[in-house]
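Protein chains in written order, with numbering that gives the first Met the number 0: chain A, 0 to 93; chain B, 0 to 492; chain C, 0 to 473.
Treat each hint with caution, since some may be false.
Claimed, not checked - Covered by chain B, according to a simulated footprint, are these stretches of chain C (three or more residues, beta-carbon under 8 Å): (1) 36 to 49; (2) 76 to 87; (3) 262 to 272.
To be verified - As a list, the in silico DSSO-like pairs of lysine-lysine whose alpha-carbon atoms are at most 30 Å apart: (4) 38/A with 275/B; (5) 90/A with 258/C; (6) 395/B with 75/C; (7) 397/C with 455/C.
Because the hints were derived from the structure by calculation, they are not lab data.
C-beta atoms are modelled at their ideal positions from N, C-alpha and C, and glycine is treated no differently.
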Amino acid sequence: MIEKKEVQHIANLARLRLSEEEEEAMTQHLGQMITYINKLKELDTTGVPPTVHAVEMPNVWREDTPCSGLSSSEVFQNSPAMQDNFFTVPKVVK
Amino acid sequence: MSIPEYSAVKLKELLETKQISALEIARALLDRIKKHDAEVKSFLYIDEDLLLKEAQASDQRRSQGKVRGILEGIPVALKDNICTKGQRTTCASQILPRFFPPYNAHVVEKIQASGGSILGKTNMDEFAMGSSCENSSFFNTHNPWNLNCIPGGSSGGSAAAVTAGFTPLALGSDTGGSVRQPAGLCGVFGLKPTYGRVSRFGLIAYGSSLDQIGTFSRSARDAALLLEVIAGRDQRDSTSVDQPVSSYQEKLLSSLKGKKIGLPQEYFENLDEEMKASIMAAVEVFRSLGVEVEEVSLPHTQYAVAAYYIIATAEASANLARYDGIHYGYRAEINAQNTKVEDLQEIYHESRAQGFGNEVKRRILLGTYALSSGYYDAYYVKALQVRTLIKRDIEKALEKFDVLLTPTSPVSAFPLGEKIEDPLSMYLCDIYTVTFNLSGNPALSVPCGHDKKDLPVGFQLVGKLFKEEEILAFAHQYEKETLVNTLAPIKKA
Amino acid sequence: MTEFEIIMGLEVHVQLLTSTKMFCSCSTTFGSPPNSQVCSICLGLPGTLPVVNKKAVELALKVAHALNCQVAEVTKFDRKNYFYPDLPKGYQISQFDQPILHSGHIMIPTPKEDKKIRITRAHMEEDAGKMIHQEGTPYSFIDLNRVGTPLLEIVSAPDIESPDEAYSYLKELKAILEYLEISDCNMQEGSLRCDVNLSIRPKGQKTMGTRTEIKNLNSFNFVRLAASYEAERQKQVVLRGGKIEQGTYLWDENEQKTKLMRSKEDAHDYRYFPEPDLGSFLISKDLQEKIHSQLPELPRIRSKRMQEEYKISEKDCAFLIEQKVVADYFEACLKKFSEPQELLNWMKGQVRTYLNEHDLAMVDFPIPPKNFIELLELLQKKTINRNAAKEIFEQMAKTGKRAKEFSQQKQKITDENELRQICQEVIKAVPQIAEDCRTNPKAMNALVGQLMKRSKGRADVDIARRIFGELIGE
Ligand SMILES: [Mg+2]
Ligand SMILES: [Zn+2]
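Bound-form chain A, shown alone (with noise of 0.2 Å):
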């Protein structure tokens, strides 16, 4: 239901490199959920609105009034990696 190919494509976008071993067994795993899931099609939906929140809730916002946010501790407290408060990731070149 999903080729090997098609699984090395999707986890490069979601950013999670899988080993040899691992794109066998998830391209399986995938496959029999695929099948799974694709019992809807058996479903004819047209017209039917899709349904985002099972409760509605339209209109709800804030005023433009400003808080103070974290302290440069808190904002650093759980952070891998920070120089002269700035977080840093090796250079990116564009």
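Take the given structure of chain A and dock chains B and C with the ligands to it, following the hints.
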């Protein structure tokens, strides 16, 4: 009876009449946890000092007549996907090994404001993805009724902790049945409120349009008590609904005479005979209380699991994109070839590959697939349309009936490891619960006895939107008639 | 030789003028220390949720009329998924299939006549953070202060047929956005950025050519340069018998050329889907009318009115209108001052020079209209001469004081006796020049120059000339 056996409501009464103190409650629960949690393994983290300090503070407030609210002195355990300020929150994942949120979840604020305290953080399937608690990256949790069996999931730790008498109350989250299914498998009460009834602020997201925080307790009254505390609109969650919060405890005894239960026939079609017998016995109890029972059809039931897995995983694929090793969480230093991770793309791939477990990866991939170019309409949009059909089925049925009654789970607790290699059969554990996440209706798993293996069996009550008081009243009056034991002996088979 | 025509569509991102971000209450002030305007929500911490800023929605609605757009009855947000370090959640909250505005147009001036450029849609979204790539370090630095700033993305139809038209379109759009106070459109601070989609085709061909995209242009001039370059590049490819490859380009300022950033194969798959954390928005007629009723006058309409009311040229109006604050200042002065042309000359002259010299924007111009009029009135009543007025202008700008405080000492000398005395001193000092005047009338100018020097510019020149004439003639 001893402290761990009492319900929250009973403990409240003992506290109010000064027969016990909050400190005694905390100590007694900690004792029991120390004695038995090495076997059950329901907790990931307990801050003992903090708990004892809070208990003392509660006792002081009470002695000064400054009781905060209806949970004064009562501890609540939290699933570890509910954020606690300054306290490690992991989602049972290696990608959040040392995450200390700078905020409390809305429910934590509510519990504290009503005098309750946080007992500790419970084990779960990683990112709430699983039905057995075997997807925790730390360890497995065991079912206190039979330690060889799974407790259900994904809120398995919370279910097991309540069942084992480690805490009278616990919170979990329910995206496809993750409160009700483990409650069913552990034989306690598990309530998933209406979508939007309880704020999700501070709940680490899995499937945002389905996620809802729910309660575990050993009585329906305790569920009502805890729901009263946590329900209500919160401005920080745009999907939390502005609906008045009822005094759930007061409505527990509203008469059931003349009320109507609908039995969705699709939920009983392939059901195990023994389980069916237990549930039909429960139905008889309701009849004896003057309730009318009739069959009803929810014709799109068979499509619910497929629609659920598309919607939940699609949302999850985006919700979990933030765990990329850049701003917080795990960043891989060494790659699979044992060399240093050097560029940005490698950080993404390696951090996520090393940080996420198998089931999480599987669901991220499925969700990414369902949203990807060329498949979006065929899968994602289709699933949302099916969601509409399912929702209409239920709305229609609930025009005629006050509540629906179904089994909670197709099977009772199974041995650890039995389904772990077969994801699809694991997914089908949620077959009776996912529907009501898709539709948003409140649903409650009620314990109704044990099967031949002495494992708990539960049934599910489904109510109209925001009518939690109704299903709680049905459950409470059933409970009074049957007196099912909800406290497990904690034993090996 | 084959003639080609250019087809362009522009995507303009403007930061909306709100005090707080699109989905959290962090401040949007520009230029704060790195990562000092960040909260749990815009940092994308687990468990946090977005809440929509009402002001951002209102600003988007405010622009509807000016862009002649239809307003969606129901609008919603969607997630756009991609990984980049300036995007902490791994997705951007944007709008996909139900943008708040659609089907509009604006008119732009062209050498021949005004031309209609259609606007396909305008949608709200959150800005990303900033990446800083510095020489001499192995790292890129990330500042999340900008993350979550509300943006309106305005997408034009492919109606733009030359780099110059693109330039006019941007200018017109900017004027509208500034006028309505939707955005400050400050390009140095990145409040307005532009992506260009461009294709070419042989004249007369009906089908569209393959288009390329040039991203992240942050000046109107770069848009014009990049579009010209890219059109020429495409033309050369086609003339050489090659095929245009779809791709995304960046403008390299140093090399003055477009550079391929990613090809079609690497194109993103954004996997848009409805944002489950936010409900939809029903835009009522009442809300639309309320916002419509508060709209200020639009630039084109204002220009027409000003031309008639003050009898000034279209070109001068264009100067005033280009920035709303300038036009506002102009009209504020004219409430109490009756010489539009005189005021205009000052605005185009002294005021503009002052702002340029001090690198200031009009909003920071230190002389309030009330004080400025006082100065002009002194000049109008001939209490001071033009030179003195210019000096007082500088002093006022410098000190913030009012014209009167300087005018005393700058008052013109009109007293005949006093002037006669100074004139005599001048003739005494430069007898040769005075002598020259008898044969060469132009030499008089030199005498007047000397006179101004001695009187520190206060002498009434007309009277002085008469006196010189008398003295020399004697
Ligand atoms: Mg955009
Ligand atoms: Zn923020």
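We went through each hint and held it up to the structure:
1. As drawn, the segment 36 to 49 of chain C meets chain B at 9 residues by the rule of a beta-carbon pair under 8 Å; at three or more, the given contact holds.
2. Restraint check on the segment 76 to 87 of chain C versus chain B: 5 residues with Cβ-Cβ distances below 8 Å, three needed, restraint holds.
3. As drawn, the segment 262 to 272 of chain C meets chain B at 4 residues by the rule of a beta-carbon pair under 8 Å; at three or more, the given contact holds.
4. This hinted pair checks out: residue 38/A and residue 275/B have alpha carbons roughly 27 Å apart, not beyond 30 Å.
5. For the hint linking residue 90/A to residue 258/C, the alpha-carbon distance of about 19 Å falls within 30 Å, and the restraint holds.
6. Under the criterion of a C-alpha separation no larger than 30 Å, the hint pairing residue 395/B with residue 75/C is consistent with the structure, at around 28 Å.
7. Distance restraint check for residue 397/C and residue 455/C: the Cα-Cα separation of roughly 20 Å lies within the 30 Å cut-off, and the hinted pair is therefore satisfied.
When held up to the earlier numbered hints, the structure conflicts with none and fits them all.
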